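Peer 1: The primary structure of each chain is shown beneath.
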Amino acid sequence: MTDLKPRRVMVERFHLTDRGRSGIEMVLLYVLSIGGAILLSGALVAVTGNSWSAVFGALMDGAFLAPGRWGDTLVVAAPMLLVALGMVIGVKAGFFNIGQEGQLLMGAMAMGWVGTRWGGPGPVLLMLGLLLGLVAGGAWSGIAAVMRFRRGVPEVISTLLLVFIALQVGGFAVTTDWLLRDLDANRPSRAVASAALPENIRLPVIRIFGNEFNIGFLIAFVMALVVAFLLVRTVWGFRLRVLGHNPNVAQKTGVAATRMGSAALFLSGGLAGLAGAVMLAGGASGFRVTTGFSQNIGWQGLLVALLARSRPLVAIPMAILFAALRTGSGFLAATGVDRKIVDVVQALLVLALLIPPAIQFIRQRRKALAQAAEEA
Amino acid sequence: MGDFFGALGDIFTSPTMYGSAVRLGGFLAFAALGELVAEKAGTINISVEGSLLAGAFTGTVAFHLTESTWLGLIAGALGGLIIAWIQANMSHRLTADQFVVGLTANVLVLGLAGFLNGIIDPAARRASIIEIPLLVDIPLFGPALFGETWPTYLLYPLIPLTWWLLYKTRWGLEVRAVGENPQAADVSGIDVNKRRREAIYYGGILAGLGGAFLVLGQVGSFDTGAVGGRGFIAIAAVYFGGWRLGGVLLGSFLFGLADAFRLALPVLGYSLNAQFLAAFPYLLTLVVMYAITKQFRQPAALAQPFVRGLR
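Going line by line, the protein sequences match chains A and B. Mapping of the first sequence onto the numbering used here: residues -6 to 369, in sequence order. Mapping of the second sequence onto the numbering used here: residues 34 to 344, in sequence order.
Bound conformation, chain B alone (with noise of 0.2 Å):
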């Protein structure tokens, strides 16, 4: 453990590690931007790790196909908007249990992904890196948030968009009413479902593009693997962030930093017990969210399916 801690210092000075924080963090922030609009709504929508993994694979095979990054992402987008859909029809339409649901959805996707790969064997290509000149030059954080590759940037208008919709917009203010109370929403003439069904739409295109940023932005190929729960921390970083933007954005990018942290002690020269290495990020995450759920007020509908009548 004394090497653990001797290598903090050393780590948190390097940019390689700060480079790759922003990287993995930015894959979570694009599902946790999403899935923040969604669980504002008051569904926890568990099936943002399939939509991820969706947009994954149909990012990488249109990407195959066409040898063109932009349509892979849109391609990614789709990927991720369909799973999405049969989370926000089966769940928020024909009422099956949203966990179910979404749960189904992710074995659906991981075992589609596996079998298609298989066949398919769709091959793809990291995007070329852009510097944004002057903004690169910052210390530390320059090169990680502005030296990437250019799907990187499709992150930071996402950002203020979801603010403005849900803080802008009649839109969202309907869905951040329906996530608190679905009875009054009901009676003010908003179709809390059909709300719902759009915030997770909005989750899905966010997760989906999310995926195929990790694809085509990150690691260069794919593998049913590749996204491996991370969905799941998303959601995770959703709490931590209680529910606002930046306590969200600062989340992904924490667990992110818990990612770079397992990634970047090899390469620093440091080594420690492997297996918990591979773990930490997943600790790191149970450890945050025991110590902080309590501490915020989540949406008051969080989870509660709703259905006319009953209450």
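Just chain A, with the same shape it has in the complex (with noise of 0.2 Å):
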């Protein structure tokens, strides 16, 4: 046994109970507390000398309008979304990976390997890659995981910790003749980037509108409806949310904390792995797999999932949101306002959706020790 401390998570707290008076007050405070992480922004925008309609414009423009770009936005989303996913699942259960960044690498390095390394029928490779992303993602958030059941090491931390180690393994697998480095001698970058995915291991793209995006995104959206499916609607589901609402009666109700835990983490992590070989397979960084793959991805993903408090379908509109920002922010360069602005946006974003529930939730114990003092 462990000694493992439950923790009440209170990320996922929404009783719709209120009706009328109340439900209007939600809206209004949800308007609120966005618009006012929007003006934030703005106004550091214009204190910065740079008009925010102008950084608006180029943000919709990068993000959708341009030709081609809504397509670029939903190759970005997949991702995104994937760790989201995975995201939820931990949280569902009661635990906080926010190592998505390295996961996700790891993920990336699974594909390269099996892409550049295996033989085989394209398909096939492709598959395989794709589910030994997974697994290594879900290895390397493992790690995590033992080292929260056998000694009690808080997950937030070791996972962290693990995403510098894990940039680290990329570095040095991408400059080792047995793991990822390029065998052509001839490339000149090759001590930073791995051999591209050969053609036929790549996701397969559609084109539509003018727009060109991989299956990647039809992935992650299946994935969404799996998760979805497998929380509310399946027993496993139902202990796993057990768990996350109250060790103390998952334990009292038979759930084996350590296994569903360690699951947990592991598709927590597993999914970002997905993750990183999507992207790897769609085409990121040019099929190669770099030191800095990640690029944030998993960071932002992190705040998708925060952002859709922990609800898998929610998550969906709201990957496709931040990776607007994201690909939007490639066209801000004209502007004159720096890119980095859209990760101030998304933070305050995050923020600020966290206070409406939280203010329902303390007027909602009020009332209930106010209740609970008049029946005494």
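Please keep in mind that the hints were generated in silico from the structure rather than gathered at the bench. Keep in mind that this is a model prediction, so the values were computed, not measured. Mixed in with the good hints there might be a few duds.
Derived, one-sided and incomplete: chain A residues facing chain B with beta-carbon distance under 8 Å [to be verified]:
{"no.": "1", "residue": "Val146"}
{"no.": "2", "residue": "Met253"}
{"no.": "3", "residue": "Leu347"}
{"no.": "4", "residue": "Gln353"}
{"no.": "5", "residue": "Phe354"}
{"no.": "6", "residue": "Ile355"}
{"no.": "7", "residue": "Arg358"}
{"no.": "8", "residue": "Ala361"}
Every residue gets a Cβ at the ideal spot worked out from N, C-alpha and C, and that includes glycine.
If you follow the hints, you should be able to join the two separate chains into one complex; please do so.
Peer 2: If you want it as structure tokens, here you go:
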């Protein structure tokens, strides 16, 4: 047994029991908080001497309006959504895995290794690569699971520290012959990037209305449905949520915390690994694994899950929103505003969306306490 | 690996090694001392990473504007406090999840610092070195502890101050009570979440100071990657120390030593796999966490949010 500390997770609190007046108040609260976040971001742009309307226009152009851009946005949204889904599973079980940036890289490396080193028919290798990507990401977060359940090391610390180690493992892999280094000695930049995936091991591309995107988004979309179904409609999902909601109850009702928690952490990292494999097979960094391959997708996917308040289906539009901010930021150079402003906007949005449910929760507590006092 | 062990002997007799260990460990110790107080109150404050970076940035900007190291350090403490204020009020007034808030605060600071750094482009400079007479002549440790830039010495009074606050004041007693049994503390009239907020403020101030110290006392310039997860290593140092002051300092020094080891090896002419060296401090932290977390009893309510009437 482990001396696992039960930790009540307060991420997903959504009791929409109150109707009427408080319903309108909630909408108002949401409008106020989101408006506040956007206003703050706009003020930041204005203070630094730029036009926020130009910034907004550039973001819209870069994300959706300019030719071929919404396809790019979907390409970026796919790994973000997968990462977010992993986060959702972890949070629902009460575990806070924040190492997706590293798990994603491990998944991409597994895909790259299968794609460039194994022989076989393309589609089979692609499937194997995606699967192994999932396993690699899961194994990486599995380290954190072992540390948590054997020794009580909080996963919030271990998963993060593992990111820095994963980055170095990536650097080691692309410079090591028996791992990922490009064996073509004539390529100039082979010290920083692996060989490219062969053509037949890449994700198929859909072309529609002048936009093209690989089927990565469809994979992520289907995974969102699967995760939603697993969590809500299966006994396994129910047990997982019981564990996350109240570990004491879970223990009394016979949910094996270690097994359940390890599975949740494994899947959490596994989906991040799958995200990495999808990114690589979908053409990120020119189908090559590089040391900085993750490109913050891991962090942003994490924020997507927080923004969606751990609901898998809500994560779909949120992933598109954050992907839009990201691809849109590519057009910011013309306005003279640093694209890092988008990181600020994203964080502010997440913080803002924490406020209304928290206020609602406090109100409900006060009401319940007052009621209890009356009855006593 | 033969090289590795061969190098150990040389390195542990080299004064430069201890110098950089104290510098890097000192940076961690600022953050870890504050985090210790926060964890004694029952909160794991992962925004310590953000506080460090915020302190480093505001400290640099203040120095850039005023050319005063003192004002830089004060601004750094304020920068850390702002992040702590967000963390404390979002998670221990509004009861949003503390990890969610902490993580988001970290991302926010990283984005803000990166964005503003490109616009302001502040320049900083290392503070002057002051050698404390006599003490500096102690072999091995003397120059490392007493021949440093003067902001380093701010750490020394903070150690007894933190001890006194935690163990000799009513406030400290209440903080510890809140971290052990919030329900009981609540019943006896202590405002649990208020004490927790205050403990986090203290942690934020110290971390901000540590961030400013990193720039103005050590490196001499700001970089958004300067903190690079060391806030989390500071948290690990608190675990390592078993939530006791001396242990936490020892942990900071140990992890500082790991960092210093990484820097000192190439200087002393040893070559080791570059990636392994870069990963070494993080790897050591994980191994140590694995080995030691179970050895000590943590504050009983660590990472447990408190809402009256819920347990």
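Peer 1: Under 8 Å, Cβ to Cβ, is where A/Phe354 needs to be relative to chain B, so tell me if that hint holds or is violated.
Peer 2: Holds, because the Cβ-Cβ distance from A/Phe354 to chain B comes to roughly 6 Å (cut-off 8 Å).
Peer 1: Taking the closest Cβ pair, is A/Ile355 under 8 Å from chain B?
Peer 2: holds (7 Å)
Peer 1: At a threshold of 8 Å, is the proposed contact between A/Ala361 and chain B supported by beta-carbon distances?
Peer 2: Constraint on A/Ala361 satisfied, holds at 7 Å.
Peer 1: Can the hint on A/Arg358 be confirmed by a CB-to-CB distance to chain B that is less than 8 Å?
Peer 2: Where the cut-off is 8 Å and the nearest Cβ of chain B is about 6 Å from A/Arg358, the hint holds.
Peer 1: Should the hint that A/Leu347 touches chain B count as held when the rule is a Cβ pair under 8 Å?
Peer 2: Check passed: Cβ of A/Leu347 comes within 4 Å of chain B, closer than 8 Å.
Peer 1: Would the hint on A/Gln353 stand, with a C-beta cut-off of 8 Å toward chain B?
Peer 2: It is violated, given that the least Cβ distance between A/Gln353 and chain B is near 10 Å, above 8 Å.
Peer 1: Min Cβ distance, A/Met253 to chain B: is it shorter than 8 Å?
Peer 2: violated (19 Å)
Peer 1: Under 8 Å, Cβ to Cβ, is where A/Val146 needs to be relative to chain B, so tell me if that hint holds or is violated.
Peer 2: With a closest approach of 5 Å, the A/Val146 hint holds.
Hint check: violations occur at hints 2 and 4; the rest are consistent with the structure.
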